[in-house]
Structures are given as C-alpha cells and as structure tokens.
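Peer 1: Please arrange chain B on chain A, whose structure you already have, making use of the hints.
Chains as they are written, first to last, in my numbering: chain A, 1014 to 1321; chain B, 1014 to 1321.
In case anyone wonders, no lab produced these hints; they're calculated from the structure. This one's a predicted model, so the numbers in the text were calculated from it and none came from an experiment. Errors might be hidden in some of the hints.
Pairs involving identical chains hold if they fit within one copy or between any two copies, as the list cannot separate such chains.
As the list claims (entries may be wrong) - Straight-line Cα separation of at most 16 Å, EDC-like style, residue types lysine to aspartate or glutamate; simulated pairs: (1) K1158 / E1244; (2) K1142 / E1226; (3) K1178 / E1317; (4) K1320 / E1200; (5) K1196 / E1317; (6) K1110 / E1093; (7) K1182 / D1206; (8) K1234 / D1213; (9) K1320 / E1015.
There are 2 protein chains.
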Amino acid sequence: MENVDYDLVIIGGGPAGLTAGLYASRARLNVLLIERVAPGGQVLITDHIENYPGFPEGLSGPELTDKLVAQARQFGLPIESEEVESLTLEGPVKIIKTSGREIRTHAIIIASGASPRTLHVGEERFQGKGLSYCATCDGPFYRNKTVVAVGGGDTAVQESIFLTKFASKVYLVHRRDQLRATKILQERALANDKIEFVWDSVVTGLDGFFGLESVKVKNLKTQEERTLTAEGCFIWIGIVPNAGFVGDSLEKDPWGFIITDAHMATSVPGVFAAGDVRNTPLRQIATAVGDAAIAAYSAEHYIENLKS
Amino acid sequence: MENVDYDLVIIGGGPAGLTAGLYASRARLNVLLIERVAPGGQVLITDHIENYPGFPEGLSGPELTDKLVAQARQFGLPIESEEVESLTLEGPVKIIKTSGREIRTHAIIIASGASPRTLHVGEERFQGKGLSYCATCDGPFYRNKTVVAVGGGDTAVQESIFLTKFASKVYLVHRRDQLRATKILQERALANDKIEFVWDSVVTGLDGFFGLESVKVKNLKTQEERTLTAEGCFIWIGIVPNAGFVGDSLEKDPWGFIITDAHMATSVPGVFAAGDVRNTPLRQIATAVGDAAIAAYSAEHYIENLKS
Chain A
1014 MENVDYDLVI
1024 IGGGPAGLTA
1034 GLYASRARLN
1044 VLLIERVAPG
1054 GQVLITDHIE
1064 NYPGFPEGLS
1074 GPELTDKLVA
1084 QARQFGLPIE
1094 SEEVESLTLE
1104 GPVKIIKTSG
1114 REIRTHAIII
1124 ASGASPRTLH
1134 VGEERFQGKG
1144 LSYCATCDGP
1154 FYRNKTVVAV
1164 GGGDTAVQES
1174 IFLTKFASKV
1184 YLVHRRDQLR
1194 ATKILQERAL
1204 ANDKIEFVWD
1214 SVVTGLDGFF
1224 GLESVKVKNL
1234 KTQEERTLTA
1244 EGCFIWIGIV
1254 PNAGFVGDSL
1264 EKDPWGFIIT
1274 DAHMATSVPG
1284 VFAAGDVRNT
1294 PLRQIATAVG
1304 DAAIAAYSAE
1314 HYIENLKS
Chain B
1014 MENVDYDLVI
1024 IGGGPAGLTA
1034 GLYASRARLN
1044 VLLIERVAPG
1054 GQVLITDHIE
1064 NYPGFPEGLS
1074 GPELTDKLVA
1084 QARQFGLPIE
1094 SEEVESLTLE
1104 GPVKIIKTSG
1114 REIRTHAIII
1124 ASGASPRTLH
1134 VGEERFQGKG
1144 LSYCATCDGP
1154 FYRNKTVVAV
1164 GGGDTAVQES
1174 IFLTKFASKV
1184 YLVHRRDQLR
1194 ATKILQERAL
1204 ANDKIEFVWD
1214 SVVTGLDGFF
1224 GLESVKVKNL
1234 KTQEERTLTA
1244 EGCFIWIGIV
1254 PNAGFVGDSL
1264 EKDPWGFIIT
1274 DAHMATSVPG
1284 VFAAGDVRNT
1294 PLRQIATAVG
1304 DAAIAAYSAE
1314 HYIENLKS
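Only chain A is shown next, with the shape it has when bound in the complex (with noise of 0.2 Å):
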C-alpha cells in the first residue's frame, strides 16, 4: 500500500467540515480538516440561527461554531489553516497542494461551501443587521416589515413570495425589466399585493444607524434615484460554489457545483462532497451536518476496503 500523510482529508470548515471531522476522528481515522481562514464558514457571518434543531432558543453563527470545534477536538481532529491551491487526484493516493506543502491523502471530503454573489455596495455593514441571503433562515424576524429583495431568477422570486408570509411589504428589484424565473412563479409574483416591483434597478447603496433603514436604488433607464425605506434587504442574485481549486478533475452541475450520489461520493473514487458545494437541493446546516455524517461514513469503508 502506497505511503500516505493521511487517510483522509476534509477541506472545508464550516459545518459540513466540522461534522465529518466529527464522525471521521470518532472513528479513529488517520484525518486532518483544514481550512483557508477560520472553522465557521458562512455560519460566521449568521447572526442568530434558529432552525438548526436541538437549539431552541437559537443561537449565533460563532456560538454553533466554537461547539462544532469543541465537538470535533474532543476526539482529537486536528485543524489548520490552509488554502488549496489544486487537487491531484489521478491514481490511489490524492494530491491536495496547498500554499505551503503537498499533502498525501487516500481519500478527500470536499466541504469547501458557496458564497452568495455580493452587490458590492459595502452589505458588509449590515451583515446580520438587515441584510441576509436565505428567506428560509431569517424571513421570519421580519414580520410586519418591509423588506427589499434583489433579483429577478427562480431564488428572487420564489423566496420574495415566501417573505411576503412574514413581511408586509417586499419590494422586488431587478436589473430588467422582466423576471427570469419560470412563468408560473411570476404569475404568483405578479399576483400578490404585498410585491411591488422596481423593474430596470440595480442597488446602489445601504444605509441605516445600527441596522438597515433604507435602501437606494438606480433606474438604469432613466438614471432615475430612489430611496425604499425597509428593515431588511434580501440578495438572490445568484450563488457560487467554492470549488476553484477542484478545476475539472470532477464532475460538476452547470452551475460549478460537485455532483455526487446518496453516498456522496463524487465522480472520482475516494472523493466525497459535502454541504453547500454540491448539488444538493437545500443549503442548510441540517443538511450540511447530514450529507457530512454520510460523507464520512463513506470514506471511511472506502479507506477500510483500501487497506484489506
């Protein structure tokens, strides 16, 4: 058997990453998680959490993210802080090259997550103030509210129509001046009174003291200003997968993202994805922790068939 740093390896650590080091080291795999900043992920930037079962009375992104940490620790996972450069992953033993080192692996998670497309308007600021990228998680602190949503794809409107359950007014703003979603969504858009549309606009700046207050939005017909006063601002114009360094060593959906199967296995043996960089069908940290807990229970019988 050819010489290896390790059984496996899981990039990424939000908590995909965390819950297979979890499940791997529970299992007393050779493994090592690493990760180019800090463990968390997007989680980090989640101000409170309030669907991740078993919590409540809900808690905040690095809350969930020091327990992951403390959890995964406990069986003696080590973390370290590594970008990845590219994978190798051609023949038995993989390749990951990462700024510093080439590491050796029989078997590789890849839990390197998705980052919402941003307006680049400075929404840094408002990060957990009013601005979010996910109606299922925080849609519900705005009842009452109004809120303004940007986009004008299946994700835009779908999910305005699920604001419109909580919020009393969505002002939904697009670059054109029609939707690119499916003709029956729009249809249901068009429909409800709550949606009011701001057709031809882009988002051109946010403001507000401690949290968001208003948004200003930019006719591009008619170079048009305008302020909309709202409490939150929702963004759906578009996500990208974190998987750059994957190149097309494995197969990916048309939107970048890693194809696998119930396994999670990908299309190169020894493979797995978990969590928000495959073409999974909700991105959430149940899922993230489910497809994680698969994840690890498949390399580690493929590890264990490598050795017999």
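Peer 2: Relative to the frame of chain A, chain B by itself:
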C-alpha cells in the same frame, strides 16, 4: 381546490418528524404532527448522544427530544398522539386513517422511523446500560473493554470490525457455523485477532447489577451453555422500518424501506419520507434532520404549486 384538514401531516415524532415540523411550521404551512406514543422515537432509548453536531458535552435522548419539541412548538407546530392505521394516497387529497378519525391532507411526510429486531431475552432492562444497536454511536464508550456482538450479516461483521478499534475483545455470536456477510468482510473479521467467534450459538440471557456484566449464550448443536463476561452487547440481527401502515401504496426496497429521491420524494407525488424509514445509506440523528429539512422544503413547494 379540494377541502382538506391540513396542508401537510407529518407522521412520526423522532428527530426527523420534529425537524420537518419545525421547518414546515416556520414556513407557516397548516401542518400537524402525529406520533403514536410520545415524541422522541428511537432517540428516547439513547442514554448518551455524543455525535449529534452542536453538543460537545453530549446529551441524552430525552434531553434532545425536549429541545426539538420546544423548538418546533415555538413556531406553532401542533403535536397529537395518534396511531396511523392506513393511508389512501390515490388522488390529490391524501387520507390518513388513524385509530380515531380520518385526516384529509394535501401532503404527507413519513418519518415513522425503524426499529431494531430484538433478541427477546429481556434486553429492555439494559437499554442505555450496555445494550446497543449502533457501533458508530456507542463504540467509543467501550475503549479497552470486552463486548459481545450478535449477528452474521454485513452489518454485524462490519460493525464488529469497527468495534475492535475501541474494545479489547469482541465476541461475535452467530447462530450458524459461517457468516452471511460478504467474503471480504468475512476475511477481515476472521483475520482480526480481537474477534473471537462463537458459532452455532444464540444469546439466551443478559445479566448485570447496575449495567451489563455478562451475556449467556447457548450452542444450538451441543446445547451447551456459556457465560461471556462483557460490559457491552451489540445486537445486529436486522432493523425493520416502521412502515406497516404504508402497505403497498409506496415503492419500497427489498427490506421494506421507503424509496426516495434526493428531494425526499417517494413514488407518489405529495408524499415524502425522511429519516430511518427511508432507504438511506446511514441512520443517524444528523442524517434524519438533514432529510427532514429537505422533505419539508419539498412539501412546501409541492403545496405552493397545488395552490397556484
């Protein structure tokens, strides 16, 4: 649109059912959860859970159940104690017949779980005190201890090998003189010097004062009885889905588990399944909550489409 009692009925109150209920009530669906006994499911018999992500100190099954119930109730989920007798799934309105009434609903999430086959030697007494059905869950509690494993199929053999990572010795008790497991697993188990095979034998009793101390086995060929000193006993003589009430109305795998796709959709539109009752590669709390979030999301979109 036809008249119904609910948009969605969730059958089962374990982690999958309660998570589906949390998501569905948070999405403001008109939803009901029904559970035949008390919320919790198999988790209730779990003494200490250390691999559900988010609880570094671990927690008991009843503790986790209380948290899941409180969280779902906070969003208004009604939970009723009713046993399902049968389902009528033809047509757009599904009918659930319980002991007391008929419930009409647009959609159903089946989260009724699974039960381990039992030995019928009074093992209830040692539930959480040495008796286990899950090596992934409980194996690490038996570091440097002696355990008994029961069964001869893939699960029994694979999990016995897994147990040798922790236990100093594993007696593998099987009623025949050879294993049913696949060849490669057999070879591995037979080569593992921590595993001692107890052939042609069945467990006839469990003993211990506070916790399990010994396991009585009887050789079926010689009728000889023997007492094995052990602090743990793992039973792997099969697991059965709690899906009798489903009958032939949904596609099942050869073992009776409900077949779903990646969206947790079953073979009947509007009927979804989540957790241990479905044909999943891994049965864990983490995977149950992941399934359930997806099932609720899928049900929500199914209902939304019906109403448009």
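Peer 1: Of the numbered hints stated earlier in the document, which are not met by this structure?
Peer 2: none
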